[in-house]
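S.K.: Sequence:
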Amino acid sequence: NAEVARGIRLASEFKDIVIAVSVGNESVAFGNNTPEVMAGYLSTVRGGVTQPLTTNDVWDAYAGLPGNSGAGMPAFVTNLIDFAAVHTYPILYASSGYYDPWDSEQQAVPEAGRAAAMMDAAVERVKVNYAAVRKYLDSQGHRDLPIVIGEAGWKAVPTGDLATLAHPVNQKMFYDRLL
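Numbering-wise (my numbering), the sequence shown opens with residue 1038 and increments by one.
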């Protein structure tokens, strides 16, 4: 594949600034590639670069939860990576009716403190997601495999069914809490 070959060439050419190489972006979670295809790409890239290697995917693709048909990232993929690059966006699960429900609106909290309570709960959700990935990787014998949060966030601009949750103040509060 031309993209893979170009990535290998660029990582090799710019070793002084390319500190890690990621193959794919949410490719397994959204069905763009099967784990078998990703393993092939990872093996090819592994043979051509010296930097640490990963694949970026949504936390539930790594953790083996219902959003990924119950199957986690297989060992034949995780055996090829040096760290797990995980994406977690609690706002997307909060309003989607998806399988990861959490009390995103915090209606039991008085209105004056509700935004803060929402963002506290969102950060707790990130921690739960992280813990699910850690547990799954540990179950594969990857207790020492680092996990990096590759993407996380909160929408600032209301879109679609996220209109009641998205706000720049909420986004800033989430960001500050997550850090």
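Fair warning: there could be bad hints in the mix.
Said to hold, decoys possible - With beta-carbon atoms standing in for the labels, derived distance ranges:
hint : residue 1 : residue 2 : range
1    : Glu1142   : Leu1047   : 10 to 20 Å
2    : Glu1148   : Phe1113   : 48 to 58 Å
3    : Pro1183   : Pro1111   : 31 to 41 Å
4    : Ala1112   : Ile1186   : 14 to 24 Å
Simulated from the structure, these hints should not be mistaken for lab results.
Don't be surprised by glycine CBs; every beta carbon is placed ideally from N, CA and C.
S.K.: Each hint should be assessed against the structure and marked as holding or not.
M.R.: We went through each hint and held it up to the structure:
| no. | hint | in the structure |
| --- | --- | --- |
| 1 | Glu1142 x Leu1047: 10 to 20 Å | violated (45 Å) |
| 2 | Glu1148 x Phe1113: 48 to 58 Å | holds (50 Å) |
| 3 | Pro1183 x Pro1111: 31 to 41 Å | violated (19 Å) |
| 4 | Ala1112 x Ile1186: 14 to 24 Å | holds (22 Å) |
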